[in-house]
Amino acid sequence: MKNDKVFSKFIYTLKKTSQYEKEINGKKYKKYMTDSQLEVVNFDRFKGWYLSNLHKTGYPTGYDLKSVDALYIPNADVLIFIEFKSGNVNESDIRKKVSDSVIIYLDYKDEKLSNFRKNSKFILVVSEDSREHLASIFDNKGGANKKQNTKSDYRNFKGFYFSDVKIISPSTLEKELNINLPL
Numbered sequence: 001m002k003n004d005k006v007f008s009k010f011i012y013t014l015k016k017t018s019q020y021e022k023e024i025n026g027k028k029y030k031k032y033m034t035d036s037q038l039e040v041v042n043f044d045r046f047k048g049w050y051l052s053n054l055h056k057t058g059y060p061t062g063y064d065l066k067s068v069d070a071l072y073i074p075n076a077d078v079l080i081f082i083e084f085k086s087g088n089v090n091e092s093d094i095r096k097k098v099s100d101s102v103i104i105y106l107d108y109k110d111e112k113l114s115n116f117r118k119n120s121k122f123i124l125v126v127s128e129d130s131r132e133h134l135a136s137i138f139d140n141k142g143g144a145n146k147k148q149n150t151k152s153d154y155r156n157f158k159g160f161y162f163s164d165v166k167i168i169s170p171s172t173l174e175k176e177l178n179i180n181l182p183l
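For the sequence shown, UniProt numbering assigns the number 1 to the initial residue and increments by one for each residue that follows.
In case anyone wonders, no lab produced these hints; they're calculated from the structure.
Each residue gets a CB set at the ideal place from its N, CA and C atoms; glycine is no exception.
Possibly wrong hints are sitting among the right ones.
[Unchecked claim] Taking lysine to any residue pairs in the SDA-like style, the calculated list, with each CA pair at most 25 Å apart, reads:
| no. | residue 1 | residue 2 |
| --- | --- | --- |
| 1 | K109 | P74 |
| 2 | K28 | R45 |
| 3 | K56 | Y108 |
| 4 | K112 | R45 |
| 5 | K158 | E176 |
| 6 | K5 | L38 |
| 7 | K109 | N75 |
| 8 | K158 | E128 |
| 9 | K9 | K28 |
| 10 | K31 | Y20 |
| 11 | K27 | V78 |
| 12 | K66 | D100 |
| 13 | K112 | D100 |
| 14 | K158 | D44 |
| 15 | K16 | K112 |
| 16 | K112 | S163 |
| 17 | K109 | S52 |
| 18 | K30 | Y12 |
| 19 | K28 | V89 |
| 20 | K28 | V78 |
| 21 | K5 | G58 |
| 22 | K16 | R45 |
| 23 | K96 | K27 |
| 24 | K66 | I168 |
| 25 | K158 | L106 |
| 26 | K16 | K31 |
| 27 | K27 | S127 |
| 28 | K5 | Q37 |
| 29 | K15 | L38 |
| 30 | K158 | V78 |
| 31 | K5 | V78 |
[Said to hold, decoys possible] Here are the simulated distance ranges between beta carbons:
| no. | residue 1 | residue 2 | range |
| --- | --- | --- | --- |
| 32 | N119 | E21 | 28 to 36 Å |
| 33 | L113 | Y63 | 18 to 26 Å |
| 34 | N3 | G159 | 26 to 34 Å |
| 35 | D164 | K28 | 31 to 39 Å |
| 36 | K5 | L113 | 23 to 31 Å |
| 37 | K109 | N25 | 39 to 47 Å |
| 38 | K27 | N3 | 36 to 44 Å |
| 39 | W49 | K112 | 18 to 26 Å |
Hey, can you work out the whole structure from these sequences and the hints?
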């Protein structure tokens, strides 16, 4: 991560990438879904750099690309894309963020999807109220709930984009990142 000159410009703590605003009595407060000081690439910021460079090389402006919040690269063989969600979860928005992030990464690194999926993982970190919203789609292990057949199914990410996909709570995030290496 720090060896990549561009990624090194966007190193933030996981805490900072998990920041969101919560409105209480008409006043907005900054909140965080984790206090982790783990260093990650702020992928939202990296996407801005990527688009800026794309425009400089002659590609048209106006792309509506979205991105996940963070990219954790614990070693040269593992990539973990992380998206934080507090409150309502818009499933199509998450699908777009994941798809666009993968395309941005692959284009930047000039890598094939078949190689990428072998060492990549996606973690959706959701607050408890978001977990209730997703409960009808997923079981508590992060897999697809077979009782519900829905096209908003995240399991399509596993095997196509990523070697593993998890939906977890903020309290288990750091444990998940430390225990599940390598993939």
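Now the hints, each set against the structure:
For the proposed pair K109 and P74, the alpha carbon gap of about 17 Å is at most 25 Å, so the pair holds. A C-alpha spacing of about 22 Å is found between K28 and R45, which places the hinted pair at or below 25 Å, so the restraint holds. Taken as a hint, the K56 and Y108 pair is honoured in the structure, with Cα atoms around 15 Å apart against an allowance of 25 Å. Among the hinted pairs, K112 with R45 is consistent with the structure: their alpha-carbon atoms are about 23 Å apart, no more than 25 Å.
Taken as a hint, the K158 and E176 pair is honoured in the structure, with Cα atoms around 17 Å apart against an allowance of 25 Å. A C-alpha spacing of about 19 Å is found between K5 and L38, which places the hinted pair at or below 25 Å, so the restraint holds. A threshold of 25 Å between alpha carbons decides the hint, and for K109 with N75 the separation of about 16 Å falls inside it, so the pair holds. A hinted pair counts as satisfied when its Cα atoms are at most 25 Å apart, and K158 with E128 qualifies at roughly 23 Å.
Distance hint between K9 and K28 is unfulfilled; the C-alpha atoms sit about 29 Å from each other, more than 25 Å. This hinted pair checks out: K31 and Y20 have alpha carbons roughly 5 Å apart, not beyond 25 Å. Using a Cα cut-off of 25 Å, the hinted pair K27 and V78 is violated, with the two alpha carbons roughly 40 Å apart. With a C-alpha separation of about 6 Å, the suggested pairing of K66 with D100 holds against the 25 Å cut-off.
Between the alpha carbons of K112 and D100 the distance comes to roughly 15 Å, so the proposed pair stays at or under 25 Å and holds. Distance restraint check for K158 and D44: the Cα-Cα separation of roughly 22 Å lies within the 25 Å cut-off, and the hinted pair is therefore satisfied. Between K16 and K112 the alpha-carbon distance is near 30 Å, which puts this suggested pair outside the 25 Å criterion. For the hint linking K112 to S163, the alpha-carbon distance of about 14 Å falls within 25 Å, and the restraint holds.
Between K109 and S52 the alpha-carbon distance is near 16 Å, which keeps this suggested pair within the 25 Å criterion. Taking the CA atoms of K30 and Y12, the gap is near 16 Å; set against the 25 Å cutoff, the hint holds. With a CA separation close to 20 Å, the supplied pair K28 and V89 stays within the 25 Å bound. Note on K28 and V78: the hinted pairing is violated, with a Cα-Cα distance of about 36 Å set against a maximum of 25 Å.
Proximity of K5 to G58 is assessed by CA-CA distance (about 22 Å); at most 25 Å being required, the pair is judged to hold. This hinted pair checks out: K16 and R45 have alpha carbons roughly 12 Å apart, not beyond 25 Å. Between K96 and K27 the alpha-carbon distance is near 30 Å, which puts this suggested pair outside the 25 Å criterion. Annotation: proposed proximity of K66 to I168 holds, straight-line Cα distance about 21 Å (limit 25 Å).
Between K158 and L106 the CA atoms are separated by roughly 17 Å; this keeps the pair inside 25 Å, and the hint holds. Among the hinted pairs, K16 with K31 is consistent with the structure: their alpha-carbon atoms are about 10 Å apart, no more than 25 Å. Of the supplied pair hints, the one linking K27 and S127 holds, its CA atoms being roughly 21 Å apart against a limit of 25 Å. For the given pair, K5 sits about 21 Å from Q37 by alpha-carbon distance, which is consistent with the 25 Å threshold.
Restraint check: the Cα-Cα separation between K15 and L38 comes to about 8 Å, which is no more than 25 Å; the hinted pair holds. With a CA separation close to 15 Å, the supplied pair K158 and V78 stays within the 25 Å bound. Between K5 and V78, the direct Cα distance comes to roughly 18 Å. Compliance with the 25 Å bound is thereby established for this hinted pair. For N119 and E21, the Cβ-Cβ distance of about 34 Å falls inside the hinted range of 28 to 36 Å, so the restraint holds.
The supplied range of 18 to 26 Å is met by L113 and Y63, whose beta-carbon atoms lie about 20 Å from each other. The given range of 26 to 34 Å is respected by N3 and G159, whose C-beta atoms sit roughly 29 Å from each other. Distance hint for D164 and K28: a CB-CB separation of about 35 Å, consistent with the stated range 31 to 39 Å. For K5 paired with L113, a C-beta distance near 24 Å keeps the hint of 23 to 31 Å intact.
A beta carbon spacing of about 46 Å between K109 and N25 agrees with the range 39 to 47 Å that was offered as a hint. For K27 and N3, the hinted distance range of 36 to 44 Å is satisfied, since their beta carbons lie about 42 Å from each other. In this structure the hint that W49 and K112 lie 18 to 26 Å apart at CB holds, the actual value being about 23 Å.
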